[in-house]
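> Below are the chains, spelled out letter by letter.
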Amino acid sequence: MSATDYGWLILAFPLAGMLVTSLGWRVLPGRLPGWIASAAIGLAFLASIGALVQIQDLPAEERSLVDSAWTYVATADLRADLAILVDPLSVFMCLVVSGVSFLIHVYSVAYMSSDRGLARYFAYLNYFVFSMLLLVLAANFVLLIVGWAFVGAASYLLISFWYRRTTATYAGIKAFVMNVIGDVGLVIAAFLLLNETGTLDYGPLFERAPEVFPTDDGTLIAACLLILVGAFAKSAQLPLHTWLPDAMEGPTPVSALIHAATMVTAGVYLIARTHPLFELAPTAADISAIIGTATLLFAATVALAVTDLKRIIAYSTISQIGYMILGVSVAAYGAGLFHLMTHAFFKALLFMGAGSVIGAMAGLQDVDRMGGFRRAMPFTFVTFTVGALALAAFPITSGFFSKDEILAFTINRGGWFWVLAIVGYVAAGLTAFYAFRMVFRVFYGEPVPEARELEEGHIAHGEPQNPMTGELEDTDVGFPGPEHAIAERSWPMKAAMGPLALLALVAGVTQIPGATDVIEHFLEPTFEDSRFHDTAPTEGSELVGLGAGGLIAIAGITVAFTVYLRRPGTTDRLRERFAGVHAFLVNKWYFDELYDAVFVRPAATAGAFGRRVVETDLVQGLIVGGATGIVRVGTSLARTIQTGYLRAYALLLLLGLAGLGLYFLIASS
Amino acid sequence: MDVVWFLVLSAFIFCIGAAGVIVRRDPLVILLCLELMLNAGNLALIAFARMHGGEAGQIFALIVMVIAACEVVVGLGIIVAMYRNRLRIDVDEMTELRG
Numbered sequence: 219m220s221a222t223d224y225g226w227l228i229l230a231f232p233l234a235g236m237l238v239t240s241l242g243w244r245v246l247p248g249r250l251p252g253w254i255a256s257a258a259i260g261l262a263f264l265a266s267i268g269a270l271v272q273i274q275d276l277p278a279e280e281r282s283l284v285d286s287a288w289t290y291v292a293t294a295d296l297r298a299d300l301a302i303l304v305d306p307l308s309v310f311m312c313l314v315v316s317g318v319s320f321l322i323h324v325y326s327v328a329y330m331s332s333d334r335g336l337a338r339y340f341a342y343l344n345y346f347v348f349s350m351l352l353l354v355l356a357a358n359f360v361l362l363i364v365g366w367a368f369v370g371a372a373s374y375l376l377i378s379f380w381y382r383r384t385t386a387t388y389a390g391i392k393a394f395v396m397n398v399i400g401d402v403g404l405v406i407a408a409f410l411l412l413n414e415t416g417t418l419d420y421g422p423l424f425e426r427a428p429e430v431f432p433t434d435d436g437t438l439i440a441a442c443l444l445i446l447v448g449a450f451a452k453s454a455q456l457p458l459h460t461w462l463p464d465a466m467e468g469p470t471p472v473s474a475l476i477h478a479a480t481m482v483t484a485g486v487y488l489i490a491r492t493h494p495l496f497e498l499a500p501t502a503a504d505i506s507a508i509i510g511t512a513t514l515l516f517a518a519t520v521a522l523a524v525t526d527l528k529r530i531i532a533y534s535t536i537s538q539i540g541y542m543i544l545g546v547s548v549a550a551y552g553a554g555l556f557h558l559m560t561h562a563f564f565k566a567l568l569f570m571g572a573g574s575v576i577g578a579m580a581g582l583q584d585v586d587r588m589g590g591f592r593r594a595m596p597f598t599f600v601t602f603t604v605g606a607l608a609l610a611a612f613p614i615t616s617g618f619f620s621k622d623e624i625l626a627f628t629i630n631r632g633g634w635f636w637v638l639a640i641v642g643y644v645a646a647g648l649t650a651f652y653a654f655r656m657v658f659r660v661f662y663g664e665p666v667p668e669a670r671e672l673e674e675g676h677i678a679h680g681e682p683q684n685p686m687t688g689e690l691e692d693t694d695v696g697f698p699g700p701e702h703a704i705a706e707r708s709w710p711m712k713a714a715m716g717p718l719a720l721l722a723l724v725a726g727v728t729q730i731p732g733a734t735d736v737i738e739h740f741l742e743p744t745f746e747d748s749r750f751h752d753t754a755p756t757e758g759s760e761l762v763g764l765g766a767g768g769l770i771a772i773a774g775i776t777v778a779f780t781v782y783l784r785r786p787g788t789t790d791r792l793r794e795r796f797a798g799v800h801a802f803l804v805n806k807w808y809f810d811e812l813y814d815a816v817f818v819r820p821a822a823t824a825g826a827f828g829r830r831v832v833e834t835d836l837v838q839g840l841i842v843g844g845a846t847g848i849v850r851v852g853t854s855l856a857r858t859i860q861t862g863y864l865r866a867y868a869l870l871l872l873l874g875l876a877g878l879g880l881y882f883l884i885a886s887s
Numbered sequence: 025m026d027v028v029w030f031l032v033l034s035a036f037i038f039c040i041g042a043a044g045v046i047v048r049r050d051p052l053v054i055l056l057c058l059e060l061m062l063n064a065g066n067l068a069l070i071a072f073a074r075m076h077g078g079e080a081g082q083i084f085a086l087i088v089m090v091i092a093a094c095e096v097v098v099g100l101g102i103i104v105a106m107y108r109n110r111l112r113i114d115v116d117e118m119t120e121l122r123g
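Going line by line, the protein sequences match chains A and B. Sequential numbering from 219 applies to the first sequence in the numbering used here. Sequential numbering from 25 applies to the second sequence in the numbering used here.
Hints are computed from structural coordinates only; laboratory data are not their basis. None of the values given here were measured: they were computed from a predicted structure. In this text, a Cβ means the ideal position worked out from N, Cα and C, and glycines have one as well. Do not rely on the hints blindly, as some may be mistaken.
Stated by the list, open to error - Which stretches of chain B does chain A cover? Using the computed rule of at least three CB atoms under 8 angstroms from a CB of chain A, they are:
# : stretch
1 : 85 to 94
2 : 114 to 121
Stated by the list, open to error - Computed spacing ranges between beta-carbons, pair by pair:
# : chain 1 : residue 1 : chain 2 : residue 2 : range
3 : A       : Gly844    : B       : Ala35     : 46 to 52 angstroms
4 : A       : Gly844    : B       : Asp50     : 46 to 52 angstroms
5 : A       : Gly877    : B       : Ile91     : 21 to 27 angstroms
Unchecked claim - Sample of chain B residues lacking proximity to chain A, with all beta carbon distances greater than 12 angstroms (derived):
#  : residue
6  : Met25
7  : Val27
8  : Val28
9  : Val32
10 : Phe36
11 : Pro51
12 : Ile54
13 : Cys57
14 : Leu67
15 : Ile70
16 : Ala71
17 : Arg74
18 : Met75
19 : Gly77
20 : Ala80
21 : Leu100
Please build the complete structure, drawing on both the sequences and the hints.
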């Protein structure tokens, strides 16, 4: 089988899994839908490996294969095929997406096993992975946009999976609206590119772009910025990030899926995929780098202050995606995608650990309520700590190599990119701090009652509450089921977290500066047309960067250790001292309030005005009322003629004829 | 004889018929008056045919007779239907068309 055959299989398995689980929800007993869905994604992962093997057999310059199933649209000026592109970049993304998604599926089998909507859940999950793989494998903008919109729809379905939870449905709507803003940007970008180059297929488009556009052409910058709108909406970058923390309303494995494997990496992929355009429009790439840097700093500061465990991890995702966006914007494609991969490992792991802790807390997510789970949950403790180490970029973990490589590339660009790199290092320190803030607050300290209970072998069982509002919830569709799952007691959860912990620790060895360059080497055929192909930082500077990054990580962890373990209470004093700053951070820099004031309230006011004045008075009163009034008056006039008397009709007829005759007589004489 | 006399006579008969249709309430009489109007028309047609010496007017007159016969059939049918339904034989009673 050729690589493209494997490419089609990668798409076929999740689609089939979705159809089987969704159509068979009535007949599939117990956990079976979960296993079917997991098997589908597992097979997709195997197909990705098949594609990898096939593509590695080809000579480097022939590693970009396009295969078309059928012509989707064919008109005079536009031809779009249902075509997939199998090249190192898409194979890499398929491997990461399907591999991590497979483990998340396995984890979900245990975590969601007592939820009544298990089959629905897994059908959505498979649909999500299918959409993401479609997005990644698309060979033209048309199919990319299809996958892009599918991912948005799937995220909506999964975030509001517990549809009786009001906060969850609002979060779903928010995510969908934000994503549609991005979709619109991407569609307009595609129109602009089609208008200028006459094609939407990646290959011809990127070949033609340098001929059509001079460097920094206005139209191209506009197109790139619109692509960025799409990328930022999916990847939750400023200012379109507000949906991501709210997306925590979905089940925890869904958060893991959105943050690690599917959705949020789409923006990074898109920028990497369209890198020939961004290199022709350096202004757009610079804007992207600046926004990525601003986002990574912003999200890191918010993660210092919020107390919801899942939201801390959510903000860390926004921050880490900021690093990736910075990476692919400064032409460090290999580094950016390498960070995408390591981030997928440790972020999925952190969410799985968080899910396990939340299970032990009977659904509570507030870190203020947690503490001392170290002895009660040894497995979760170890794996979560590994994830936190990787997130903090502790030396020799995977995040260490990937994050510092991005920053090394940024420094290497010189000029004002230095500023971005320094901001990146500052945020790296904050990252290490908040990563271990989670570890120390959840697993160390005085054990909370739930932890003591668990040490005695009994999982706490509280009333099902909405973690945001405290309302009681419907266990039919509003909770991970009546039973709580923790990793210590469910082997599928362990089976998913174990490999991820291992990968989060050691995946860095694929890309040690000067020693191994597996990822960059593998992706080289996709990016060798890059202008910056030969400007990689020297090994020496990369090693210096690594040293600095490692020191910053250790410093951050040490500060967290001092503040939370050696001298507990420091944070309370700090909070009192800097109440304003704390409120600013806890309220996420007031972005939600700002959007509420700028967009939501005016729109609501305009809507109310429209309903009260335009609709009631103008439309109903004047237009509809006026039209019906005219008709009513006219018909009542006409009705008076209709007497029903035969003789009256005869008279009218005669009078009419006589009038007509008279008219012709006068006219003729 | 001048054609004008025929036309004057025709107009008289037509007006008598029309007045009858408008004034009378008995459907049978209305039918008779209609017949008068049609025949007034026939008279005018024949008069013109003679004046021009052609046969087209005469053929028209024949056709009008056929139509008159049809109309009488329909009209009498309606009157019989009214009678069968025990309705009063009076056109002013039939006002279903009122708007």
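> Could you run down the list of hints and mark each one as holding or not?
Status of the hints after comparison with the structure:
no.	hint	result
1	85 to 94	violated (count 0)
2	114 to 121	holds (count 6)
3	Gly844(A) to Ala35(B): 46 to 52 angstroms	50 angstroms, holds
4	Gly844(A) to Asp50(B): 46 to 52 angstroms	48 angstroms, holds
5	Gly877(A) to Ile91(B): 21 to 27 angstroms	24 angstroms, holds
6	Met25	25 angstroms, holds
7	Val27	18 angstroms, holds
8	Val28	16 angstroms, holds
9	Val32	16 angstroms, holds
10	Phe36	16 angstroms, holds
11	Pro51	9 angstroms, violated
12	Ile54	8 angstroms, violated
13	Cys57	10 angstroms, violated
14	Leu67	18 angstroms, holds
15	Ile70	21 angstroms, holds
16	Ala71	18 angstroms, holds
17	Arg74	23 angstroms, holds
18	Met75	19 angstroms, holds
19	Gly77	24 angstroms, holds
20	Ala80	21 angstroms, holds
21	Leu100	16 angstroms, holds
Figure legend: structure checked against the earlier numbered hints; hints not met, in rising order: 1, 11, 12 and 13.
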